[in-house]
Amino acid sequence: MHQKLYIYQLQGKENNQVKTIEEVQQEIIEEFSIFDNWMDRYNYIIDISKDLPLIDDKYKTKENLINGCQSKVWLHAHYNNGKMQYEADSDAIITKGIISLLIRVLSNRKPDEIMNSDLYFIDQIGLKENLSPTRSNGLLAMVKQMKLYAIAYNAREKQASN
Amino acid sequence: MHQKLYIYQLQGKENNQVKTIEEVQQEIIEEFSIFDNWMDRYNYIIDISKDLPLIDDKYKTKENLINGCQSKVWLHAHYNNGKMQYEADSDAIITKGIISLLIRVLSNRKPDEIMNSDLYFIDQIGLKENLSPTRSNGLLAMVKQMKLYAIAYNAREKQASN
Amino acid sequence: MFDDHNKIRNEFPILHQQVHGTPLAYLDNAATTQKPQCVLDEVINWYTRCNSNIHRAVHYLSQQATEKYEHARRTIQQFINAQHTHEIVFTHGTTEAINTIAFSLGETEIQAGDEILVSQIEHHANIVPWQLMAERKNARLKYIPLTTRGELDLTVLDDLLTKKTKIVAINHVSNALGTINPIREIIQKAHQQNIPVLIDAAQSVQHLPIDVQELDCEFLVFSGHKIYGPTGIGVMYGKESWLDRLPPYQSGGDMVDVVTMEKTTFNELPLKFEAGTTNYIGAVGLSRAVEYLNEIGLQNIQSHESRLYKYTMAKLRELENIEIYSNATESTAAISFNFPNAHPSDVGMILDKLGVAVRTGTHCTQPIMQYFNISGSVRASIAVYNNTDDIDQFIDALNRAGFMLQ
Amino acid sequence: MFDDHNKIRNEFPILHQQVHGTPLAYLDNAATTQKPQCVLDEVINWYTRCNSNIHRAVHYLSQQATEKYEHARRTIQQFINAQHTHEIVFTHGTTEAINTIAFSLGETEIQAGDEILVSQIEHHANIVPWQLMAERKNARLKYIPLTTRGELDLTVLDDLLTKKTKIVAINHVSNALGTINPIREIIQKAHQQNIPVLIDAAQSVQHLPIDVQELDCEFLVFSGHKIYGPTGIGVMYGKESWLDRLPPYQSGGDMVDVVTMEKTTFNELPLKFEAGTTNYIGAVGLSRAVEYLNEIGLQNIQSHESRLYKYTMAKLRELENIEIYSNATESTAAISFNFPNAHPSDVGMILDKLGVAVRTGTHCTQPIMQYFNISGSVRASIAVYNNTDDIDQFIDALNRAGFMLQ
Ligand SMILES: Cc1ncc(COP(=O)(O)O)c(C=O)c1O
Ligand SMILES: Cc1ncc(COP(=O)(O)O)c(C=O)c1O
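Those protein sequence lines, which keep their order, are chains V, C, B and S. As numbered in this note's numbering, residues 325 to 486 make up the first sequence, in order. As numbered in this note's numbering, residues 325 to 486 make up the second sequence, in order. As numbered in this note's numbering, residues -8 to 397 make up the third sequence, in order. As numbered in this note's numbering, residues -8 to 397 make up the fourth sequence, in order.
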């Protein structure tokens, strides 16, 4: 089952360029709807985290570190051809799996899409508590940071075009 | 009614020399048993406080002041013919009335009687809370001080007779 | 105003009892308020379903407890209209909040010779921490004096605010006299000289709507138990810039970032000021109390209490031979008085036996008593659940006490 | 041991619930304990019948509340066998108690160059307040180091205790590792040089009988919420001579004697250290919790917990690929471990979904984590209501987590 889903997910990823944030979120929700218990869901998240190399080691710098209380999260952002590219990693594997979902939704998009996005899929697939301000795993700070990068590049773009 | 009780009480006082602490306490309990409500009881206590001059003004010194949080209590003790004599006063009238009861029970007695006395009448006539360590009206401190004086004179007496 | 005031009264189970064989008239609300059933239910509900130490844990109970706690913080934020949630720090009460600010400010902002301005109408909690800090730092404590009406004498304020004044700390409503102090004017004058202002709102949040952004005060503090909430919880509001600037007070778990045996760095706001396990169930209870106030409406409370206050004052003024110290133009909730020839504790003891709970003594405001040259006073103070029956019982009892003690 | 352990378990309503569709196995007791029904009933009972601000009032409710509060103090006194009731100070928790002692001691007993001795096995609450005080007073913080078994290395104690050491502050039981520290030996060595000792008993009063006169420690502190009592209440025991000698910490109402605008004198013990409205309902709840412990018997608790602890340890040791940091000869209640290749928070998240509540992270003991060179650990900790079912569920869940994460 995991194998199948994994391919499905990679296909999803290839189509990312044309799909909207909305569509990718729906896609992930659908993927997760197959699981009827937590262990399967976590197994899947762990799988995702393992197979995707998320960040180049050279970007695992102190500047890119978002310090959560328990797990470390690194985020590296760059801007390319009008689109944001995100790479990230964590020393905790479930966090890393969730990161890979977030990147799948947000990476390779225009800044204003990202700025205005509402990441409801997290809630719908039952991972809401992971993005709660009270869960200090660095994920919420990471999403905030992703949006901040988008805002920054958006502002730069606007200035350039003025 | 007050008038009658008052006379009764004065008679009691005259007989004090022969009555034991035990007997005077019983006498007071009997007196109070006539009242079936608090206002009468307090009226009586207030009466007692008014009619008995408790302490000479010259003894209302700082040294004789027992500082309660709300009301002031002065206590003066002296030793005469083998017996303790107490005089006391308070700026709060109910406290003063209770003091007059305490003096009626304890004054003009041998130190060792006082040291070992158990003042249960306070409880029985419903004034227990006034002698609780949590009620800062100075009464508890006064009783302690009365006993301390008795202990002190008792020790002096023993030493002298050795 | 309330269509059905009994409905409110029925929310408070403790009021429906007899003491010494008479119905209870509880008029000691400035000392502490009673708790509505919904607050008690909420406390038990959280103990029974979700009790778990907050922050840092990944398990369900802790997650729920943490979210509830942070929700309580937001409830308080909205209640006093703070700009940021992290400007709300949970303390154990007003006293701890003022001690925190006095200490932290003292550590970094106060030099020898600096001045701290309080007033003569303060509760000891807003005097002694400043006194002790001033002593430690060789600073001076000054105060705005009282007038015979029980009001602050603002004519001297300009002289009292100097270049050396580093903070002004004033209560909003006096617990002893009920005076509503002119905090807007004081804040404005202090701000003209860039002096921060702390408002002790222990006696006002339960009676008057508060908006910290409109008031523009730097700090505002209050206690949960005086606003229908549990004991052991309170609030310290501080403007973000000030809370950021001040060093922590108590230290321990949760308020730290990195701890080594050699050196510690601190957590962000508000946790920097919340050392150790907070009274998280207390915070939940307090936020339920605030929600309850919101449900019945602070405007309604205000008009009910103001009517009752006037009723009480009018009845009291009819009594012969009474000395009332609460004569300020603006006042609420608490009234202090004496029978000139009777000790307040005698009055209190007789009232008690007649079912009336008032406070007697100095009300933790000895400087006010010293000003009026009295050893203490009788204080009656009202809350939302009091009614004219309570007041009538109180006045009857006073009549009897006055008669007995004259 | 208990004839009928289920009877105890049934006293704790919160345990009988499902989380994520599985029964709850609550093994986060070192963070906070659950409350027996009798404690909750007592709290509600007092709010519903007798809530009133304590001390200084003459009315019935306040009198009752005050007596109950002072009775609670006596219950605590007897529980730890203090010599005097006034040696028991109610605080809001262990953290506040340690902050109080660190501050007060700092003000009058610490000179520049003096030394404070703690250990590497302390909770942040017993490190940071000393660090900050040492910084303020130019004193030095030294520590007894750990060994790889998770024990204190007493071989260096003689060298660490110098003429400049002004206090030794040590926990009795480590919250992170469960190690029972050799406090008798430490107290004895410190006393040989007339150095006072503070015992942080936050993790021991609920597990082991404590007798402060027999221990002869100068101070001992603990938190109510970790001993089946309410949140927001704690205890600071101090020998009379030391409490008399130290200046007050927080100031405000109740702890003062005479207050003028110029100068304040302080109340007697224990009120000198209880500023403002205390959490008097919390104190009543805590004393009910202590009575509950007395009813079931601390000896019984100890033998039940010790059996369960050994059971857990044996089962854990059977797991492959587990690293256990709790290897002290004497230990109780808490066990810290990791799967070497898995992040503790991953383990905690999986356990959570399987109904098992453990804590993961640094447990407010970063120096211990630094010593073992780990970013955190998984900690399971037991209480009187846990049983072997809880442990079996925990071990099953660990097996699954280990498999998923390897
Ligand atoms: C050993 C130890 N000391 C101190 C504390 C701090 O206790 P509290 O947070 O209740 O103030 C704890 C609690 O985690 C502890 O385990
Ligand atoms: C105006 C004022 N400030 C401060 C306090 C102290 O509050 P707490 O005792 O709850 O800390 C009180 C309570 O009596 C008060 O009335």
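Keep in mind the hints are simulated off the structure, nothing from the lab. Hints are supplied without guarantee of correctness; some may be wrong.
Keeping only pairs whose Cα atoms sit at most 35 angstroms apart, straight-line, the calculated DSBU-like set for lysine-lysine is [as the list claims (entries may be wrong)]:
#	chain 1	residue 1	chain 2	residue 2
1	S	Lys230	V	Lys396
2	C	Lys386	C	Lys434
3	B	Lys254	S	Lys230
4	S	Lys254	C	Lys396
5	V	Lys396	B	Lys59
6	C	Lys471	S	Lys230
A quick look at each hint next to the structure:
no. : hint                    : verdict
1   : Lys230(S) <-> Lys396(V) : 45 angstroms, violated
2   : Lys386(C) <-> Lys434(C) : 27 angstroms, holds
3   : Lys254(B) <-> Lys230(S) : 31 angstroms, holds
4   : Lys254(S) <-> Lys396(C) : 21 angstroms, holds
5   : Lys396(V) <-> Lys59(B)  : 26 angstroms, holds
6   : Lys471(C) <-> Lys230(S) : 27 angstroms, holds
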